[in-house]
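If you read the sequences in order, they're chains A and W. At the far end of the first sequence sits residue 870, using our numbering, and the numbering has no gaps. At the far end of the second sequence sits residue 870, using our numbering, and the numbering has no gaps.
Worth flagging that the hints you see were computed from the coordinates, not collected in a lab. Heads up, none of these hints are tricks.
Taking CB as the label site, the calculated pair distances span:
hint, chain 1, residue 1, chain 2, residue 2, range
1, A, 772, W, 576, 35 to 43 angstroms
2, A, 647, W, 580, 25 to 33 angstroms
3, W, 623, A, 588, 24 to 32 angstroms
4, W, 620, A, 755, 42 to 50 angstroms
5, W, 678, A, 674, 50 to 58 angstroms
6, A, 621, W, 724, 29 to 37 angstroms
7, W, 591, A, 582, 33 to 41 angstroms
8, A, 725, W, 753, 39 to 47 angstroms
Here are a few chain W residues that sit away from chain A, every Cβ distance over 10 angstroms (derived from the structure):
hint, residue
9, 627
10, 660
11, 683
12, 850
Because the structure is a prediction, the values reported are computed rather than measured. Note that CB positions come from ideal geometry on N, CA and C, so glycine has one too.
There are 2 protein chains.
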Amino acid sequence: MTDTMTVTFEQIEQAAARIADYVHCTPILGSELIDRAAGCEIRFKCENLQKAGAFKARGAHNAVLSLSPGQRRGGVATHSSGNHGAALALAASRMGISANIVMPDNAPAVKVDAVRAYGGQITFCEATQAAREEALRVLCDRTGARFIPPYDHPDVIAGQGTAALEIAAQLRAPPDVLVTPVGGGGLLAGCAIAGRALMPDTQIMGAEPAGADDARRSLRSGVWQPQLAPDTVADGLRTSLGELNFAIIRREVDDILCAEDAAIIEAMRLVWTRMKLVIEPSAAVGLAAVLAQPARFAGKRVVIVLSGGNVDLDRLPW
Amino acid sequence: MTDTMTVTFEQIEQAAARIADYVHCTPILGSELIDRAAGCEIRFKCENLQKAGAFKARGAHNAVLSLSPGQRRGGVATHSSGNHGAALALAASRMGISANIVMPDNAPAVKVDAVRAYGGQITFCEATQAAREEALRVLCDRTGARFIPPYDHPDVIAGQGTAALEIAAQLRAPPDVLVTPVGGGGLLAGCAIAGRALMPDTQIMGAEPAGADDARRSLRSGVWQPQLAPDTVADGLRTSLGELNFAIIRREVDDILCAEDAAIIEAMRLVWTRMKLVIEPSAAVGLAAVLAQPARFAGKRVVIVLSGGNVDLDRLPW
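Chain A on its own, in the form it takes in the complex (with noise of 0.2 angstroms):
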């Protein structure tokens, strides 16, 4: 696993030959009745097709195969109440290794059924960031197990920026504006890479909930800025953007678009209805953000990065 502090674009090159016969090349879809009600071309590219449900089996896969031998032996370890535990379980699996997943436990029964089947090892904790950090700290020591970090990572970040790499790949032309969530920021900070060396002249934003704001607040003042008291419905993208990624973002991304948590639970269900696609929450705010400003983006052709779909289909927010 690489150490230094910095992500080159290639890294993401070979994090997409590491990785291609483990994840999939996921499908773009439009839809027309959807570029009707924005009045510009939106291209989805569909990480909840992804294995596991979510992009975070490019970084997951990416960390645990560049891991030596000796690193991989005692299995790998992280604490998640989301995509990248069920993302890390199923990369340890196909290497063989075991995969320890702290959770808090108040973590949704799917997410949690989701680590389960892909054969991760879970211990449940309090729901506090230092309950998660201890448990972890725990568990590596008794286990040797390595700590694979959520987003704050160069093999992270460059395995979720493989996403962009595909997305220049599949369409004709760069698109005018690529836009996927912003929570950690490991996928953003992956594909501004990406797309700077590919796409240089498509503007890369992030999109968020107004109610986790942080990466928009730590854009502009340029300092970072941690998220405290998250409020939103976007359970994925409650977390504190990396300082890792903060400097990424700042240096190479074009904005941060917010979108109130009802606009991000009407962009959902326009996704589910129009096209067909199971998305979660942090999926949709990206659509939702740009349906939110349709003079800034009107005839433009904008791409969207559908992050994941795990999401409890007995608890759906309308």
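Using the hints provided, position chain W relative to the given structure of chain A.
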């Protein structure tokens, strides 16, 4: 529009060329977790991602595009409680002609909305076959619209068969079994003709709800049997098998599988959860039927057509 009562492989090839610019070549997707649960390798042909959310776009476009300018002049019409109405409205709007859709006054709101979204004119009638046919007759007399039947017509069957053309082209090797839902039988009949021509060693099977098993009864008895009093959650499969389709299915199809409603709902939920695809109950019947007979399909390579994704998100069956 062709009026002779045969469908040849050549007609399906011509249909594919005719509709190529108007419909999607839908992706084929799989899930390791579903394969593990099923004990066989299943690939899903995602017609829920088709234009207007169902395979019906294929037949509707082929039928409308096959009309001469004179035949098109008065527009087109049909009676439909479901996906054929929306598909026909879409096809007509793209040709710049009108579409009149007779719908029963108990049609689901989501299907009514879809017809309207594609610009169709709706005439409501009582929810009986006699009322639908009478309303359609009056409407065609008044407007000069041409009736495009939902399934029992060569141009419609040839259009639906293009799904199997794509399957043969998309897969590296033909599957052991191809399963499509069977209601009116247009999809199954068209896919059987294309499948026999391109994948002669592939078994072609229909799947239908146990509560609307007229295709199975007809095939087993050798005598066409209407579906009286259907009782199933799969609203797209309640109709009787078309007589032309019965003649084709009797000749070309290896078996008709059945699934109970509880299994259909479970399979639908499995596809939503694991594949992140919104499918309607009718689209889940193939998977439900395959999962119900693990010994029969063990180790086989099975392609299942997910026929559509038009479902009311406020009235999910779980």
